[in-house]
Amino acid sequence: MNLEHQQNICEETVYRRVFNETSKTIFNYIYYKFGNEEKANDAVQEAFVKLWENCAKVSPDKAKSYLYTVANNLYLNVLKAEKVRLKYADKTLKTTNESPEFIMEEAEFKEKLDNALNSLPENQRITFLLNRIDGKKYAEIAKMENVSVKAIEKRMHLALKSLRERIDGI
Amino acid sequence: MQENYLAKWLTDELTEAEMVEFKKSEDFATYQKIKESASILEGPKFDIDKAWSSLEQTKSKEQPKVFTLTPFKAFIRIAAVIAVLLAGSFFYLSTLNESFTTEYAENKTITLPDTSEVILNAESKLTFSEKQWDDNRNVNLEGEAYFKVAKGKKFTVATAQGLVTVLGTQFNVENRKDYLEVTCFEGLVSVTINGKETKLSAGNSLLAINGKRTMSKATVNGKPSWLTKESSFRSIPLHFVMDELQRQFNIKIITKNIDKGQLYTGSFSNENLELALKSISVPLQIKFNLDGDKVLFYDEKAH
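Read top to bottom, the protein sequences are chains C and E. Going by the working numbering, the first residue of the first sequence is number 1, and it counts up by one from there. Going by the working numbering, the first residue of the second sequence is number 1, and it counts up by one from there.
Hints are not guaranteed to be accurate.
[As the list claims (entries may be wrong)] Derived, one-sided and incomplete: chain C residues facing chain E with beta-carbon distance under 7 Å: (1) 23; (2) 24; (3) 27; (4) 37; (5) 45; (6) 49; (7) 52; (8) 55; (9) 76; (10) 104; (11) 133; (12) 147; (13) 149; (14) 156; (15) 166; (16) 168.
[To be verified] Listed next, the in silico DMTMM-like pairs over lysine to aspartate or glutamate satisfying Cα-Cα at most 25 Å (straight line): (17) 64/C to 130/E; (18) 64/C to 36/E; (19) 110/C to 98/E; (20) 137/C to 13/E; (21) 161/C to 106/E; (22) 161/C to 103/E; (23) 112/C to 26/E; (24) 154/C to 13/E; (25) 278/E to 42/E; (26) 294/E to 243/E; (27) 24/C to 53/C; (28) 87/C to 53/C; (29) 161/C to 47/E; (30) 23/E to 165/C; (31) 24/C to 82/C; (32) 35/E to 101/C; (33) 59/E to 47/E; (34) 73/E to 165/C; (35) 148/E to 103/E; (36) 50/E to 53/C; (37) 35/E to 145/C.
[Stated by the list, open to error] Just some of the chain C residues that point at chain E, by a computed CB distance under 8 Å: (38) 19; (39) 110; (40) 161.
None of these hints come from the bench; they were simulated from the model. Glycine included, each C-beta is placed from N, C-alpha and C at the ideal position.
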């Protein structure tokens, strides 16, 4: 039975579930776009408040795309993108038997990648990071961005291409 | 190579042949490195619990549907809080109750907005809301008062012990600790104690001590005796009588070898203390000793 999906967002448990599933992605989505943590947090708040206010009108299966749309429209033409700051997880530090030269090269590469990511057009950067960091499938990103899966694949392809070109210094 | 092969490569969707060809290309090494490095990338920390609790706060405040996305947002939030506080305090102040209090040995006559008259006996307090008077004639009473209620809507006297409801009549309510006495002089009065309603017609009196009710008769079209400067009692435990004596004369009573639970019937003057003390002591065959504002009641025979 599909009854659960027929539930209303106005119900606290349904609303809470949507929040748990979607809030972090919205936060990241806005962060990748503008590089502004505060605005990303605000976007989560605004999007979910709007969803609560319109809970009777938005069906649970439309909730996610509704949230992305609200978050997306929030700073439309208002906010200037800042540098997106990303961290590298500590995983790499575990391999300590690498030569100093190698470690330095690694660090250099990461810096290059960082700069390359920041120079990407925002839609390519969002696609790349949502897929690589958040593990979102192309189809999911397509829904968020309201474009076709093919368009997302194109963005991904272009993102990788220009990342490599930047890193290799072409 | 198929279209967007880089995107396909990331998700392992390349055919084996394509993979072999891609690996041969000189760019492959960098792509591979990008893929590896990106796999350990992390975004900023998102505190989901904090986000949820601040969302809960906003939700409960029922914010307006329009969100102004301007640098003034913080200012508007503060302004909204101030506006709410101002409106709230205005509302609160405007609904504050009118309050009248009498001290020991003091009576007060109060005229209510509908010309109903209330006479407050000593050490009593009457409060009512003038703003809401037109909607409901409610007064709160602590102590004793005589009501002459103008005809009109339901008139309710709320006390700690119970509710007294009338339409238009004359009645007396005495509400002291563990003690509620309602006497109806004219019309019909309804008394609700612990949810149980009793109807009192003119000339009846209801006494509830610790919730235990007794009915007795009173004079039709009469007035409570305290209005004529006299306190009357009919089979009332002595300690309630002494409490009333203390209120009327602003004195302190101490007792020695006296059963304060014994019943007293009679009345005492509210003007002449000497006389009042005699009115109590003679019928009960006890003695008293008056010293300034202190009175000692004692029983000689018990010695």
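Hint check results:
Because the beta carbon of residue 23/C sits about 6 Å from the nearest beta carbon in chain E, less than 7 Å, this interface hint is met. Interface restraint check: residue 24/C against chain E, minimum CB-CB distance 5 Å, threshold 7 Å, status holds. Annotation: interface hint on residue 27/C holds; nearest CB of chain E at approximately 4 Å, less than 7 Å. For residue 37/C, the interface hint holds, the least distance from its beta-carbon to any beta-carbon of chain E being 5 Å, beneath 7 Å.
Interface hint at residue 45/C: satisfied, since its Cβ lies 6 Å from the closest Cβ of chain E, which is below the 7 Å cut-off. The beta carbon of residue 49/C comes within 5 Å of a beta carbon in chain E, closer than 7 Å, and the hint placing it at the interface holds. Here the hint on residue 52/C is kept, as its CB sits about 5 Å from the closest CB of chain E, short of 7 Å. Below 7 Å, beta-carbon pairs count as interface contacts, and residue 55/C has none with chain E, the closest being about 10 Å; its hint is therefore violated.
For residue 76/C, the interface hint is violated, since its Cβ never comes within 7 Å of a Cβ in chain E; the closest pair sits about 9 Å apart. A distance limit of 7 Å between C-beta atoms decides the matter here; for residue 104/C the minimum to chain E is near 15 Å, and the interface restraint is violated. For the restraint placing residue 133/C at the interface with chain E, the shortest Cβ-Cβ distance is roughly 5 Å, inside the 7 Å limit, so the hint holds. A cut of 7 Å between beta carbons decides the hint on residue 147/C: the least distance to chain E is about 14 Å, and the hint is violated.
The interface hint given for residue 149/C is broken, as the beta carbon of that residue sits about 10 Å from the closest beta carbon of chain E, more than 7 Å. For the restraint placing residue 156/C at the interface with chain E, the shortest Cβ-Cβ distance is roughly 4 Å, inside the 7 Å limit, so the hint holds. Restraint check, residue 166/C versus chain E: the minimum CB separation of about 10 Å is more than 7 Å; hint violated. The interface hint given for residue 168/C holds, since its Cβ lies 5 Å from the closest Cβ of chain E, which is under the 7 Å cut-off.
Restraint check for residue 64/C and residue 130/E: the C-alpha separation of about 53 Å exceeds 25 Å, so the hint is violated. Of the pairs offered as hints, the one joining residue 64/C and residue 36/E is violated, with about 30 Å between alpha carbons and a cut-off of 25 Å exceeded. Under the criterion of a C-alpha separation no larger than 25 Å, the hint pairing residue 110/C with residue 98/E is inconsistent with the structure, at around 74 Å. In summary, the hint linking residue 137/C to residue 13/E is supported, as the alpha carbons are separated by about 13 Å, within the 25 Å threshold.
Our distance criterion of 25 Å between C-alpha atoms is broken by residue 161/C and residue 106/E, whose separation comes to about 96 Å. Restraint check: the Cα-Cα separation between residue 161/C and residue 103/E comes to about 91 Å, which exceeds 25 Å; the hinted pair is violated. With a CA separation close to 19 Å, the supplied pair residue 112/C and residue 26/E stays within the 25 Å bound. Only pairs whose Cα atoms come within 25 Å are accepted, and residue 154/C paired with residue 13/E is accepted, the gap being roughly 14 Å.
At most 25 Å may separate the alpha-carbon atoms for a hinted pair to count; residue 278/E and residue 42/E exceed this at roughly 94 Å. In summary, the hint linking residue 294/E to residue 243/E is supported, as the alpha carbons are separated by about 13 Å, within the 25 Å threshold. This hinted pair checks out: residue 24/C and residue 53/C have alpha carbons roughly 20 Å apart, not beyond 25 Å. Taking the CA atoms of residue 87/C and residue 53/C, the gap is near 36 Å; set against the 25 Å cutoff, the hint is violated.
Straight-line distance between C-alpha atoms of residue 161/C and residue 47/E comes to about 34 Å, which puts the hinted pair past the 25 Å bound. Between residue 23/E and residue 165/C, the direct Cα distance comes to roughly 17 Å. Compliance with the 25 Å bound is thereby established for this hinted pair. Annotation: proposed proximity of residue 24/C to residue 82/C holds, straight-line Cα distance about 20 Å (limit 25 Å). Straight-line distance between C-alpha atoms of residue 35/E and residue 101/C comes to about 21 Å, which keeps the hinted pair within the 25 Å bound.
Simply put, residue 59/E and residue 47/E have alpha-carbon atoms about 18 Å apart, close enough for the 25 Å limit, and the pair holds. For the proposed pair residue 73/E and residue 165/C, the alpha carbon gap of about 42 Å is over 25 Å, so the pair is violated. A C-alpha spacing of about 22 Å is found between residue 148/E and residue 103/E, which places the hinted pair at or below 25 Å, so the restraint holds. Pair hint residue 50/E plus residue 53/C holds up; C-alpha atoms about 20 Å apart against a cutoff of 25 Å.
Proximity of residue 35/E to residue 145/C is assessed by CA-CA distance (about 23 Å); at most 25 Å being required, the pair is judged to hold. Here the hint on residue 19/C is kept, as its CB sits about 6 Å from the closest CB of chain E, short of 8 Å. With a cut of 8 Å, the hint placing residue 110/C at the interface with chain E holds, because the nearest CB-to-CB distance is about 6 Å. A hinted interface residue such as residue 161/C counts as satisfied when its beta carbon comes closer than 8 Å to some beta carbon of chain E; here the least separation is about 6 Å, so the hint holds.
Hint compliance for this structure: hints 8, 9, 10, 12, 13, 15, 17, 18, 19, 21, 22, 25, 28, 29, 34 are broken, all remaining hints hold.
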